[in-house]
Each structure stands twice: as C-alpha cells, then as structure tokens.
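Residue numbers (this note's numbering), protein chains in the order written: chain A, 1225 to 1463; chain B, 233 to 428; chain C, 16 to 236.
Hint data in this document are derived by calculation from the structure and do not stem from the laboratory. Beta carbons are placed, not taken as given, at the ideal position from N, Cα and C, and that holds for glycine. Check each hint, because a few of them may be wrong.
[Claimed, not checked] Computed, partial: chain B to chain C, Cβ under 8 angstroms:
hint: 1; residue: K311
hint: 2; residue: L326
hint: 3; residue: L402
[Stated by the list, open to error] Below 20 angstroms or equal to it, Euclidean Cα-Cα: the simulated SDA-like pairs (lysine to any residue) are:
hint: 4; chain 1: A; residue 1: K1397; chain 2: C; residue 2: T222
hint: 5; chain 1: A; residue 1: K1397; chain 2: A; residue 2: G1343
hint: 6; chain 1: A; residue 1: K1397; chain 2: C; residue 2: L122
hint: 7; chain 1: A; residue 1: K1397; chain 2: C; residue 2: L217
hint: 8; chain 1: A; residue 1: K1397; chain 2: A; residue 2: M1291
hint: 9; chain 1: A; residue 1: K1397; chain 2: C; residue 2: A87
hint: 10; chain 1: A; residue 1: K1397; chain 2: C; residue 2: D83
hint: 11; chain 1: C; residue 1: K172; chain 2: A; residue 2: D1349
hint: 12; chain 1: A; residue 1: K1397; chain 2: C; residue 2: K172
hint: 13; chain 1: A; residue 1: K1397; chain 2: A; residue 2: Y1372
hint: 14; chain 1: A; residue 1: K1397; chain 2: A; residue 2: V1295
hint: 15; chain 1: C; residue 1: K172; chain 2: A; residue 2: R1351
hint: 16; chain 1: C; residue 1: K172; chain 2: C; residue 2: P34
hint: 17; chain 1: A; residue 1: K1397; chain 2: A; residue 2: W1348
hint: 18; chain 1: A; residue 1: K1397; chain 2: C; residue 2: A88
hint: 19; chain 1: C; residue 1: K172; chain 2: C; residue 2: P57
hint: 20; chain 1: A; residue 1: K1397; chain 2: C; residue 2: A213
hint: 21; chain 1: A; residue 1: K1397; chain 2: A; residue 2: F1360
hint: 22; chain 1: A; residue 1: K1397; chain 2: A; residue 2: W1346
hint: 23; chain 1: C; residue 1: K172; chain 2: C; residue 2: A101
hint: 24; chain 1: A; residue 1: K1397; chain 2: C; residue 2: L189
hint: 25; chain 1: C; residue 1: K172; chain 2: C; residue 2: A88
hint: 26; chain 1: C; residue 1: K172; chain 2: A; residue 2: M1291
hint: 27; chain 1: A; residue 1: K1397; chain 2: A; residue 2: A1459
hint: 28; chain 1: A; residue 1: K1397; chain 2: A; residue 2: A1298
hint: 29; chain 1: C; residue 1: K172; chain 2: A; residue 2: L1331
hint: 30; chain 1: C; residue 1: K172; chain 2: A; residue 2: T1288
hint: 31; chain 1: A; residue 1: K1397; chain 2: A; residue 2: A1458
hint: 32; chain 1: C; residue 1: K172; chain 2: A; residue 2: W1348
hint: 33; chain 1: C; residue 1: K172; chain 2: A; residue 2: T1353
hint: 34; chain 1: C; residue 1: K172; chain 2: A; residue 2: A1371
hint: 35; chain 1: A; residue 1: K1397; chain 2: C; residue 2: V186
hint: 36; chain 1: A; residue 1: K1397; chain 2: C; residue 2: L179
hint: 37; chain 1: C; residue 1: K172; chain 2: A; residue 2: W1346
hint: 38; chain 1: C; residue 1: K172; chain 2: C; residue 2: L182
hint: 39; chain 1: A; residue 1: K1397; chain 2: C; residue 2: M218
hint: 40; chain 1: A; residue 1: K1397; chain 2: A; residue 2: E1460
The primary structure of each chain is shown beneath.
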Amino acid sequence: MPTLHFLANPARFRRFCARVLPALSAATALAVVVGLYWGLVVAPPDYQQGDTVRIMFIHVPAATLAMGGYVLLAVLGASLLVWRHPLAALMARATAPVGATFTAVGLITGSLWGRPMWGTYWVWDARLTSFLLLFFLYLGHIALSRAYDDADRGDRAAAILALVGAINVPIIKFSVDWWNTLHQPASIMRLGGPSIDPSLLYPLLWMMATFALLFVLLVLLRTDTEIDRRRLEAAEVAA
Amino acid sequence: MATASLEVTDLACRRGGRRVFERLSFALGGGALLALTGPNGSGKTTLLRALAGLGRAEAGTIAWRDADIAWLGHLDGLKGDLTVFENIDVAERLRGAAPERARIDGALASFDLTALAARPVRTLSAGQRRRAALARVAASRANAWLLDEPFNALDAASQESLRTVLARHLGEGGLAIAATHVPLDIAGGRTLELGT
Amino acid sequence: MTAFAALFQRDLRLVLRRPGDVAVVLAFFVVATTLFPLGIGPEANLLARIAGGVLWSAALFAALLSLDRLFAADHEDGALDLLLLAPGALELAVLAKCAAHWIVTGLPLAVLAPLLGAAFGLDGRSLGAVALTLLVGTPTLSLIGGLAAALTLGARKSGALLALLALPLCVPTLIFGAGAIEAVATGEGFTVHIAILAALALMAVATLPWAVAAALRQAGE
C-alpha cells in the first residue's frame, strides 16, 4: 500500500499532519455540532423509550469505534512485529488511550441508557459486560506498553498482547453472551434492529461518521505528540 | 568437530536508544580467538548477544558457517537447586546433545570441580559457580564459544585453568570470542577494542 | 531423551525440590475459598449455588499466583538465554515449561477442589464436575498465564500487571468451567461445557506457544 509506506517516515507523517489536521479539526467540530443538533433536537423520540433513545447517538458510535480501535491496535501490533513499521508503535501508544476513553464513554452511556428501564445504573447485561472486559483489555495494553523503562520493549510486548487480545475478543463475547442468556432474559438495549426508522437511522449514521472523524483526529494528534516526545527523549539520551 | 567460521560486515547495534557501535567488520575462522575490550558501556555485551542471536542488529550482517555455539553470559545460567553435574547434564540435553560422561568429568576436572560435582549450585561461591558455568561450556562439543566476562570472580589459579582450556579448544580448531577486562594472554589472539 | 522431555523433567525436578512453593499455592487456594462463606454467610443453599463460581475463581487466582515465577527464575539466573539459544523450537520449550507448571499447579487444584466442594454442600455428581472441569480447564490457565508472565518479564509491578493481563483472557474458561458445575447441580448435562473447555484448551495449545516464544525473545533482547 503506497499510502502506508509514504507515511511510514515520521518526518513525512508530521508534514502530512500539519497539512491535514487543521481542516480535519474544523470538519470534526462542524460534524459534532450538526450531529448533536440533529440527534438531540431534530430527531423524534422513540415511541417506547422516549427521549432516552437519544443516548444511542453517542453510545452506539462510541461502542463501535471502541471495538474498531482494538482491531486497529492489533493491526498496528502486527505492523510493528512483522514489518517493523516505524510509526506503528507510536500510533498504537496514541490509539490505546483514545480507544479506552471511547469504551468508557460507551459504558457510561450504556449505563445511563439502561437506567430508566432497569432502575439501577448497572446490570450484568451481555453487552455491557463484554464491554467492560474490552475496557480491561485496553487498560492492560496501556499498562503493559508503559511498564518498561525501555519504551521499545513496552511497545513490542503490547503488540503481542493486542494480537492475542483481538483473537480473544470474539471468544470472550461468545462466552459472555452464553453466560448471560443462561442467567437473564434478552438484552434491553436494542436499537430497533434492521427496521430502525430513517428519522433515527440517518442521524445515527451521521454520528457514526462524526465519531470516526473524532477518533482519527485524536489518534493523529496524539501520534504527532508521541513523535515529539520520542525525539525529546532521544535528545536527552544523546546529550 | 567441524570448523566454524564467522564473517561480520558493517554491523551496527543500538542499546538504550543510541548506537553503541557501527560499521563493525571482522572475520574469524577455526582456531581463532578474539578478545573484545573497551570501557563499560562500550557495547561488548551487546555485540556478543547479537553474534549469538540473542539480540537484534540494526544494520549489517552476521554470517556464521557450520557453527555450534556455546554461550556464557554475564549470568552463569545455572539452576541453583540442581547440582553442578545435573546442571551440565541437562544443559547438554537442552542443546539436543547426548551427555558424554567422560567429557563432563574431564571438564569438571579442568576447573577443579570434581569434589563439588554433587553439590547444589546455590551452595557454591561466586567463583565456583563461574567455574561450573565454564565447565558447562567446556563439556559441550560446541565449536564456537561466546564468552561474556569469563574471568569474572575467578582467582588466579582458576584464570590459568581457563586459559588452558581455551588454548585446548582453539587447538582443536574451535573459535572463541570473549569480552574481557582481564588480558587473555593466549598466543595468536586478536583484540577488538570497542568504544573508541 | 528429547530436549522437550529434558526441560519438562528439569522443571519438575526443580519444583519438587522446593515442595514448599507448591504447598503455599494450594494453601492459598484453601484460604481464599474459605473467605467466601465467611464473607457471605454460611447458609447451605446459597453456598451450594455459588460453589462452582467460588472454586473456579479461587483456582484462577491460585494459578496466577504461581505463574509469576514461571519464566522469572530463568530470566534472573541466565538460564533463559540458554533456552533461547537451544536448537529446537522455542515453542516446544514453552509447552514443556507450561506442562510442568500445570502438573504442580492445575492438577493438584483439580484434586483438592472437590474436597472443598464437599464443604460447600455439593453432591457427588457436582464434585465430579468440579474435578473434571478444573482438569480440562487449568491447562488453558497455565498457557494464558504463561503468556502474561512472558510479556511482563522484567517489567515494573509485574505481579499485578500479570493478573491484569491474564484475567480478562481467562474469562471464557471461567464462565464455562463454573457454568458446568452449575449445570450439573441443576440436573442438566455438562457435556457441552466440557467440550468447549477442551476446545479452548486445544486452541490455547495451538496458538499461545508462538505468542509466548515471541515475548520471550523480546525479553532476551
């Protein structure tokens, strides 16, 4: 992939960021404003859940990107271990906290979404529980990559963890779903399935795209900062 | 044993975020001895580990031919709860070789460990442990010895034993590379100084 | 004797020369299990219901406790370098070490747990389920824990970090292991659970040694 190789050079990546980030930030800010207005004001309330359904405009995108984020960590991990892609380690370091935050947002919004129906802030629902475990996987990645004085060792250990974790996520999801159906009836947190009304679907899709933009923006920003930090550390060592 | 040969070209290694050496080139054949010298931190251990295949090189090539490597690191590589003999025996098996009783006994004798052979390694002094680790190397049929500070903790008599064993190994056609502060004092040995 | 057998035998011999280390782990298992009735109350029905989960959770913690030293000892005395340099596949060496670990951890736990299960009021069939599920499930724990141990070799706070890394990955095994015991207690069969536990174990054996070997090589660099 020419784009990957093109961006592999940190200097080129930084120039790319310098050109792209201002426009990306503006676009993301605009998308957020439009999306929030659309979802919170314009879109109609659900006939069953009322206004609380609006939380899904934040919950679903956050949750989807949280899972995508872990897949990205695995891909970056493979890049680092197999092809020694120089930017992969830095980008993984940048991505993990962003993914963890999106997971936390998903957990909090999921909890708030369920409160009116469950009466409590937490139930051991299959989705929420899988999500909680995903959050722990992110925490593990973050902790491991920072557990060594030698940053390179931390990055490479975390890369292995990301690959093993990614393979395990479907297994964990399967086992938690199984565990849950045994102990509890089906999840309450449905979107309305494939027959979701267009007046809710379109703002949802918009917010998905918005969150994706936000994710990319945050990762690029943080990767840029990581390059700075590594440069600074290298300069200190050489001095 | 078959003779090993080593050719290193333009080798560069990194440690702790900086390059400890670069553009390193040399070649060794059977019977050759190379002493690595230099101040602490000059990359002697990094070079040895890269040659053994334990560490990664950043640039350049390391080409071994017909080499069966025996490694002695900074640490002894001995299990404290096993006896000296058991350590050497299992080390041979882990290398995929059948332990030869006669060779092991000979190696133990070379380093004056025959009386200590049945003692658990954790009961030995640092010098005795180092000798046991050296005996492990000597007992093997490896034709390439990579030794990191082999003289560490050895008294004068033991240092002489090491020199004798080394000379014998070289005489049999084996090659050896040793990082050392103590002069090897063996005829025909070359020196490579790092950190300059 | 192959290198695999030699390493397996070496590690077993090393552990058996320090039987105290094994005993401590098993003692922890007993103590940890005992905390639950003390914390929750001795009501017989309740204890019988939670027995499967309690035994499995305590077994998981006990197994993780002992995994800390799996590679650390070799790392500290330099024997790890020799394993990395050995001619055979490093993955086989990993299996040998995990197998030896299982013999002195998972296996005794599977034998000890039914005795504790009786104290929780489980009936004969359930006790059999306890033993069988632990027997089939603990090898997976040894492998996952082995991976976590290899990834945290030489790291700061390696003990807690090892648990943080391993526990989420052990959740599927825990769910099916404890679930099997509950299934037996309620009269259903547990064949599906055992089959899944076995499948998880096979998957672990088929995939994790490569990850562990990669992590060990990183530790050696």
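How the hints compare with the structure:
1. The beta carbon of B:K311 is positioned within 8 angstroms of a beta carbon in chain C (closest approach about 6 angstroms), and the interface hint is therefore held.
2. For the restraint placing B:L326 at the interface with chain C, the shortest Cβ-Cβ distance is roughly 5 angstroms, inside the 8 angstroms limit, so the hint holds.
3. Using the Cβ-Cβ criterion of 8 angstroms, the hint placing B:L402 at the interface with chain C is not satisfied: the shortest such distance is roughly 21 angstroms.
4. Of the supplied pair hints, the one linking A:K1397 and C:T222 holds, its CA atoms being roughly 19 angstroms apart against a limit of 20 angstroms.
5. For the suggested pair A:K1397 and A:G1343, the alpha carbons sit about 25 angstroms apart, so the restraint of at most 20 angstroms is broken.
6. A threshold of 20 angstroms between alpha carbons decides the hint, and for A:K1397 with C:L122 the separation of about 28 angstroms lies outside it, so the pair is violated.
7. Between A:K1397 and C:L217 the CA atoms are separated by roughly 19 angstroms; this keeps the pair inside 20 angstroms, and the hint holds.
8. Among the hinted pairs, A:K1397 with A:M1291 is consistent with the structure: their alpha-carbon atoms are about 11 angstroms apart, no more than 20 angstroms.
9. Our distance criterion of 20 angstroms between C-alpha atoms is broken by A:K1397 and C:A87, whose separation comes to about 32 angstroms.
10. The straight-line distance between the Cα atoms of A:K1397 and C:D83 is roughly 27 angstroms, outside the 20 angstroms bound, and the hint therefore fails.
11. At roughly 32 angstroms between alpha-carbon atoms, C:K172 and A:D1349 are farther apart than 20 angstroms, so this suggested pair is violated.
12. A C-alpha spacing of about 29 angstroms is found between A:K1397 and C:K172, which places the hinted pair above 20 angstroms, so the restraint is violated.
13. The hinted pair formed by A:K1397 and A:Y1372 fails the criterion: a straight-line CA distance of about 30 angstroms is larger than 20 angstroms.
14. For the given pair, A:K1397 sits about 14 angstroms from A:V1295 by alpha-carbon distance, which is consistent with the 20 angstroms threshold.
15. Taking the CA atoms of C:K172 and A:R1351, the gap is near 31 angstroms; set against the 20 angstroms cutoff, the hint is violated.
16. This hinted pair does not check out: C:K172 and C:P34 have alpha carbons roughly 26 angstroms apart, beyond 20 angstroms.
17. Distance check on the hinted pair: A:K1397 and A:W1348 sit about 13 angstroms apart at the alpha-carbon level, within 20 angstroms; holds.
18. Note on A:K1397 and C:A88: the hinted pairing is violated, with a Cα-Cα distance of about 35 angstroms set against a maximum of 20 angstroms.
19. Simply put, C:K172 and C:P57 have alpha-carbon atoms about 36 angstroms apart, too far for the 20 angstroms limit, and the pair is violated.
20. A hinted pair counts as satisfied when its Cα atoms are at most 20 angstroms apart, and A:K1397 with C:A213 qualifies at roughly 18 angstroms.
21. Taking the CA atoms of A:K1397 and A:F1360, the gap is near 14 angstroms; set against the 20 angstroms cutoff, the hint holds.
22. Proposed proximity of A:K1397 and A:W1346 is supported: the alpha carbons are some 18 angstroms apart, at most 20 angstroms.
23. The straight-line distance between the Cα atoms of C:K172 and C:A101 is roughly 30 angstroms, outside the 20 angstroms bound, and the hint therefore fails.
24. For a cut-off of 20 angstroms, the pair hint linking A:K1397 to C:L189 stands: about 13 angstroms separates their Cα positions.
25. Between C:K172 and C:A88, the direct Cα distance comes to roughly 16 angstroms. Compliance with the 20 angstroms bound is thereby established for this hinted pair.
26. A threshold of 20 angstroms between alpha carbons decides the hint, and for C:K172 with A:M1291 the separation of about 28 angstroms lies outside it, so the pair is violated.
27. With a C-alpha separation of about 44 angstroms, the suggested pair A:K1397 and A:A1459 falls outside the 20 angstroms cut-off, and the hint is violated.
28. As the CA atoms of A:K1397 and A:A1298 are separated by approximately 17 angstroms, the hinted pair is consistent with the 20 angstroms bound.
29. Simply put, C:K172 and A:L1331 have alpha-carbon atoms about 27 angstroms apart, too far for the 20 angstroms limit, and the pair is violated.
30. For the proposed pair C:K172 and A:T1288, the alpha carbon gap of about 32 angstroms is over 20 angstroms, so the pair is violated.
31. As the CA atoms of A:K1397 and A:A1458 are separated by approximately 41 angstroms, the hinted pair breaks the 20 angstroms bound.
32. The straight-line distance between the Cα atoms of C:K172 and A:W1348 is roughly 30 angstroms, outside the 20 angstroms bound, and the hint therefore fails.
33. Annotation: proposed proximity of C:K172 to A:T1353 is violated, straight-line Cα distance about 27 angstroms (limit 20 angstroms).
34. A hinted pair counts as satisfied when its Cα atoms are at most 20 angstroms apart, and C:K172 with A:A1371 qualifies at roughly 8 angstroms.
35. The suggested pairing of A:K1397 with C:V186 holds, with an alpha-carbon distance near 10 angstroms, which does not exceed 20 angstroms.
36. A distance of roughly 18 angstroms separates the Cα atoms of A:K1397 and C:L179; the hinted pair therefore holds under the 20 angstroms criterion.
37. Restraint check for C:K172 and A:W1346: not satisfied, since their Cα atoms lie roughly 31 angstroms apart, outside the 20 angstroms limit.
38. For the hint pairing C:K172 with C:L182, the CA-to-CA distance comes to about 16 angstroms; that is within 20 angstroms, so the pair holds.
39. Simply put, A:K1397 and C:M218 have alpha-carbon atoms about 16 angstroms apart, close enough for the 20 angstroms limit, and the pair holds.
40. A C-alpha spacing of about 45 angstroms is found between A:K1397 and A:E1460, which places the hinted pair above 20 angstroms, so the restraint is violated.
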